[in-house]
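In order, the protein sequence lines correspond to chains X and F. Start counting the first sequence at 953; every next residue gets the next number (the working numbering). Start counting the second sequence at 24; every next residue gets the next number (the working numbering).
Simulated from the structure, these hints should not be mistaken for laboratory data. Honestly, I wouldn't trust all of these hints.
What the hints assert, rightly or not - Here are the in silico distance ranges between beta carbons for each label pair:
| id | chain 1 | residue 1 | chain 2 | residue 2 | range |
| --- | --- | --- | --- | --- | --- |
| 1 | F | Pro-684 | X | Asp-1073 | 53 to 63 Å |
| 2 | X | Glu-1049 | F | Ala-581 | 36 to 46 Å |
| 3 | X | Asp-1063 | F | Glu-676 | 42 to 52 Å |
| 4 | F | Phe-664 | X | Asp-1073 | 34 to 44 Å |
| 5 | F | Ala-627 | X | Asp-1063 | 17 to 27 Å |
| 6 | F | Ala-756 | X | Glu-1049 | 49 to 59 Å |
| 7 | X | Lys-995 | F | Phe-664 | 52 to 62 Å |
| 8 | F | Asp-566 | X | Met-1048 | 45 to 55 Å |
| 9 | F | Val-589 | X | Ser-975 | 24 to 34 Å |
| 10 | X | Asp-1063 | F | Pro-653 | 28 to 38 Å |
Predicted, not measured: the structure shown is a model, and the values here were computed from it. Ideal placement from N, C-alpha and C gives every residue a C-beta, glycine not left out.
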Amino acid sequence: MPTILIVDDNLLACEAISLVLESAGFQVTQAHRVAEAVESVAKSCPDLAIVDLSMPDGNGVDLIRRLHQSHPALPIILYSGFFTPEDDSEKRAMEMEGVVAVFKKPLRNNDLLAAIRRALDPEADA
Amino acid sequence: MTDTRPSRIPSFFPSSPSARRWLLFFGGFALVAAADAAAVTPEGAPLLPGIGAWCLALGWLWGPAWLGAATAAGAATVLLGLAGPGIVAWPPLAAFALAALVLRVRAVAPPVRWTGRGILEGGCVAAAAALLGALPALFAASPEAGIGTVLDPLAGALAWLYPFAALYRLAEPRGFPPPLRNRWGWPTRAVDLGVMGVCVFLAACLGGFAAEGGWPLIGAALAVLAAALTGNLVGGAAAALAAGLAGSFTVADGPVPLDLELGNAVLVAVGLVAGGFASRTRERQEDAEHTVGRTKALLDSLPIGLVEIDERGLIVQANPMAGEIIGCAAMDLLGHPFERLGTEASRPMLAEVIRAIRHRRQPDPRFTTVFLYRPDGSAREVEVDWVYQRPPMGRRPLRVAALITDITDRRRAVRALEDREHQLAERTDLLRITMDALDHGLAAFNPDDTLMEWNARFPEMLRLPSPLARPGTPAIAIFRFLATLGAFGVGVTEGQVRARMDRLIHPPNADDVHWIGGHHLRFSAHTMADGGWVWRIEDRTEDIRLRDIEQNRQKMEALGQLASGVAHELNNTLQPIFSLSELGLAQAEPDSLVARCFGRITDAAERAETIVRGVLTFARNAPVAEGDTPIVPALFDALAFIRPGLPSQIRLEVSVDDGIPEGAAARLDRREFGQVLTNLVTNAADAMDHAGTLRVDCRADMLRYADGTEAEPETRPAVAVAVVDTGKGIDHALKQRIFEPFFTTKDEGHGTGLGLAVAFGIVRNWGGRIDVDSEPGLGSTFTIWIPLSGPEHEGEHAHDPDRR
């Protein structure tokens, strides 16, 4: 059963997404801070991380860079409430190493689950 | 030549010239008559009274200064004649006459000038003295001869004294006018002396004839002749009387030799006539000299230079002022050619004048302005008035008086004045031009609040009709007119209008902005020292518009930041709603109540998401699209997409101005462009209650950037797209807020209040501007200015993130 780490400082959002993922059969770990996320990844070695770009104790971009350095194989899905449809920061986030998908809040369950499945099983998608 | 006569005449003498003349005339006559009566026996004695009479005549002739002395001498001679032999009396008489002549010469013509005239004078005096001195010798040479034999030559010689004296008078220098020639052009004096000489000579020669008994008649005839010729009736009459009296003595005293008595009588008559004539001439001359003296003194005191020039162009007379103007003593000017006084430039003109004088013409022009040199090399500008009077033919030598006025200082002053006037005129012109060039309206009012002066902008800005734009228009009339334009609001009373005016013209001259003829005009006044005031009108329309734009921009920026923050928070909050409602929907029984509930929650969340996206569009500061989009085709594409969605009663008219450059393009996203147009057109259609004509005008324009500073706003070529509706219009107050997010005039449930805010955000991201112009009741015009792309347009105001 794949383990997914959700990193989001918004507890409600974090809880809601983990409920969705758990009901889809994933094991979910939550982290609300950068430090927590780094620790959690080191400890439980998740199969995938969903990271909110804005964090209270650090930048999501930094976190992604660190996660990718320590676990280059870890696929990361990025999402943020600060993206706007035409904003090119979304495009830039997409180009980051390790990032497999970028979503803006609010993201839809189906979109998220599809992206997770694609990330965990690239062959199946291909 | 000063008049010293009163001081020289003894005070016991009558002061009136005519009284003196009569006194002396009759005094002399009495003496002669008395001597004649007494001279009966001794030889030579009867001659003496005649000499005495002559002395009287001479004394008279030679002027009042010697009158008393001559009279006294005559009297002495008579007494000597009475007392003893007449011979004894001759030497002192001769000495006296000589002294008188010499003194007279010196008195009349100081200093003696060695001119031809002076020499002639001296010669006459010497000859007269010599003749007088010779008389005693004549008597001494023939003592035995009877007194009658020497009488004729003696009478002749004595008679010739007068011609000499007359000649002396002729030679005597005198002032003007010198009546030297008579009407025939003959020298007056020469004629006089000739006539007199002839008369006397005839008298002497006729002595013999008279001895035959015809003497009274001859004496009378001579007297009349003399009187006629000299014009001296008194003298003539007196001579006749004297002759008659002498005759009567002769008849009474029989033994007296007839020829002696006759000669004596003739002598007396002639002497009296001559004396009378001479005295009259003398009086006249003295009066003339007196007048001349006064005239000359007057002329000398004149502030005008007076120079007399003869026909050779030489200066023959000059007054002190002339000397002062020319810078030397007046005396030094005499004999100097006038022409040579002029500067080189003035000489031809002066030469022309002299030529005119020589040809006996009035110099033309009569007034000439010339420059005269002074000895120090400087020049004076003078005006010369050539006073030329055509002389009667041969009447007197030709002279021209030049009246010289030094106009150097006057001319300088006039020139300075002219310069000042010129400067003043130039300044006035400059002021007028400057005033007219001003963008402000300016008008000066008199202290009584009437219009005095104004510039071109003043009536233009106030829309003043020409009857009001006149000097003297009362300020209140202008204010009343402005009130009719609605400048002070609707329904203002006369008192309110007056209060407005008072507020402007009385310090502290409260500033006011008035809305006149579609312009914001700011009134201000400056009070002048004399109580007048200047009304200044400034068009603040553009400033106020730019200020509004800037204020709006700042407001929108603040709103954007706020909205952006709220939107992001909302997005975060929407996340669990979406996640959980979708999860719930997935887990619930299809079509169950729970499923429907979750479905509605998802719908509501979606609507909220749409709103948040709109807010973010309004608020974001996205980078500019990279490609250039041709504006006009994009406009038509967008309208083609919009048109089907519009209510069928709305007619859409599109016009594209020719002034738009071919291929005008901008950095914008077609989708955004479509969204902006959709928002604007939909809004317009809503405002028009879905019926009427909706116009979209596309034209070339300039886009002005106000950066909130005082600096001149920057401009850029742009395309303006105006969406014109004929709807309800927008209040001025609402206009300020119309681009704010969630500001809507629509009913609840119609629209999100984000359409214009989104359009605002998008247009701003293009670097463009959106604005609304509206007249309540008539409709609104929303205009977007899209800056043109391309290096030639972007140069200075490229969208540079560092700039802001």
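Given the range 36 to 46 Å, decide if the beta-carbon distance of Glu-1049 (chain X) to Ala-581 (chain F) lies inside it.
38 Å, holds
Pairwise beta carbon distance, Ala-627 (chain F) to Asp-1063 (chain X), judged against the given window 17 to 27 Å
Since Ala-627 (chain F) and Asp-1063 (chain X) have Cβ atoms about 19 Å apart, the given range 17 to 27 Å holds.
Falls inside 24 to 34 Å, the C-beta gap from Val-589 (chain F) to Ser-975 (chain X)?
The hint (24 to 34 Å, Cβ to Cβ) holds, given that Val-589 (chain F) and Ser-975 (chain X) are roughly 31 Å apart.
Starting from the hint 28 to 38 Å, judge whether the C-beta atoms of Asp-1063 (chain X) and Pro-653 (chain F) obey it.
36 Å, holds
Range hint compliance [Cβ, Asp-566 (chain F) to Met-1048 (chain X), 45 to 55 Å]
At roughly 50 Å between Cβ atoms, Met-1048 (chain X) and Asp-566 (chain F) fall inside 45 to 55 Å, so the hint holds.
Do the Cβ positions of Lys-995 (chain X) and Phe-664 (chain F) conform to the proposed distance bound of 52 to 62 Å?
55 Å, holds
CB of Ala-756 (chain F) to CB of Glu-1049 (chain X), is that within 49 to 59 Å?
Distance hint for Ala-756 (chain F), Glu-1049 (chain X) holds at roughly 55 Å.
Lying within 53 to 63 Å: is that true of the beta-carbon distance Pro-684 (chain F) to Asp-1073 (chain X)?
56 Å, holds
Given the hint of 42 to 52 Å, is the C-beta distance from Asp-1063 (chain X) to Glu-676 (chain F) inside that range or not?
Between Asp-1063 (chain X) and Glu-676 (chain F), where Cβ atoms are some 44 Å apart, the hint holds.
Asp-1073 (chain X) and Phe-664 (chain F) - C-beta distance against the hinted 34 to 44 Å:
42 Å, holds
Of the numbered hints given earlier, the model fails none.
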